[in-house]
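The whole structure should be built from the sequences, with the hints applied where relevant.
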Amino acid sequence: MATLFFVLLLSLLTTCSSVSNENSMNADEHRALLDLVGSLLADSSWTELHPQPCTDTPWPGIQCESDISDADLLHVTSIHIGPDLLSPPPCKSFASLSPASFLHFPFLKTFSLFSCFLYPNSVSLPPSLFTSTPALERLVLNGNPGLSGEIPSSVSSLQRLRVLSLPQNNFHGVIPREIGRLRALQQLDLSYNHLSGEIPEEIGRISSLSILDFSSNQLRGKLPASIGSLQSLEKIDLGFNHLSGRVPPELGELKKLVLLDFSHNNLSGPLPEELSGLKQLQYLIMENNPFNISIPFFLSSLKKLTVIGLSGCGLMGPIPPYFASLESLTALSLDNNSLNGTVPDSLDLLSNLGELNLSQNQLSGEIGFSVEFVRRLGKRLDLRGNKDLCAKPNDKYEEASVRLEAAACLGPGIDNGGKRGVVEDGDGRISSSLDGNEVENCCYFGVSSLWTLGFQGIAIVVALLV
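Letter by letter, the sequence shown follows residues 1 to 466 in the working numbering.
No lab work stands behind these hints: they were computed from the structure.
Glycine included, C-beta positions come from ideal geometry on N, C-alpha and C.
Warning: the hint list may mix true and false statements.
Claimed, not checked - Derived Cβ-Cβ restraints for the label pairs, each shown as a range: (1) P90 with G149: 20 to 26 Å; (2) V174 with P321: 26 to 32 Å; (3) D84 with R220: 32 to 38 Å; (4) R220 with M316: 25 to 31 Å; (5) S364 with T110: 56 to 62 Å.
In structure tokens:
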């Protein structure tokens, strides 16, 4: 029995060894891979430690697949180099990409490079990356300030491309019109570069696009109406550019849109009523555009809104009471406008609201928020800079450290003896009184602190979408 077991074990080991030896990389791809990695990584021993990165000495950033017609032949299908790998070797101080870097990767599906070109040595994308990789589906180059030049029109050769993500690099020039030929593209991120010119109309031809991010560039001109044809779009971020003109009504056709960010541009009003069709919208970020309009009524129909950012938009007129019907709202920013009238008490009915900024407007009248609401928001409630707005002081306001900076109102509880009284209404709302002699020296209360609308959460959502 022992002899039989030994024979079977020896046979199994021989078979495994045979399989390992029979599987081999394509010679051209093997040589090209070692050359590419050698031009990027500072560790010169990489090729010695990983002479067979697809078989006996695998590398975590390299993936290979068997040839369809020859199972023993392996092709490189994924190359990933970045600090997220387990104990990765660093890139060279002056890493490079030669023009011939990608001539021998016909089966490559993914190429991703993170934080490798960190020095301004003007590395450009080699043409072979676009003309010799017909199987490429994901091209991700992120956080490479030394990667510069223009995005070539030959990018249109990558007909299988589903993800083109080139954020936080140093690309300049215009967005090539040929990019509209990438009909399989689902995610297009060119944010945080130095791209200029206009957004090409051809963008509207990429019908499968779900994420479009051109934020933090130097783009000018009008928003192309063709964007309204992107029926699969879930996120569009064009913030921090120099775009002008009006928001096209065609954008109301984006029925799947979750995030819309046109902040920090030069867009003008009015906003089209057609935007009422964005029933899935959760994040509306339009701050710092000279719309010069009243708050549009169509927002009342967007029941899934969680964040509204309309600060610095030249908004006029009163704050509409319909905000109280947006039950999912977590952050509302209407600061630095010309809003007037009173602050709707009904805002404190929003149980999910965690941040409210109405500062630097022309609001007036009494602040009627409940003590519970004021305590819950604390420093995330900002009503400063409204000189005709007044609050009825109460110790519980002070406990909440709310940043109101509003003069105290005269209330019904004035003590004829000239003493100041502070009372609380039966419904839990703040009320108080002041001696008439104190009117000219209105008190201020609340501690000093900076308040900023917490849009940092948007990055998390974007990351999840990507």
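Report task. Provide an ascending list of the numbers of those earlier hints which the structure does not satisfy. Result -> 2
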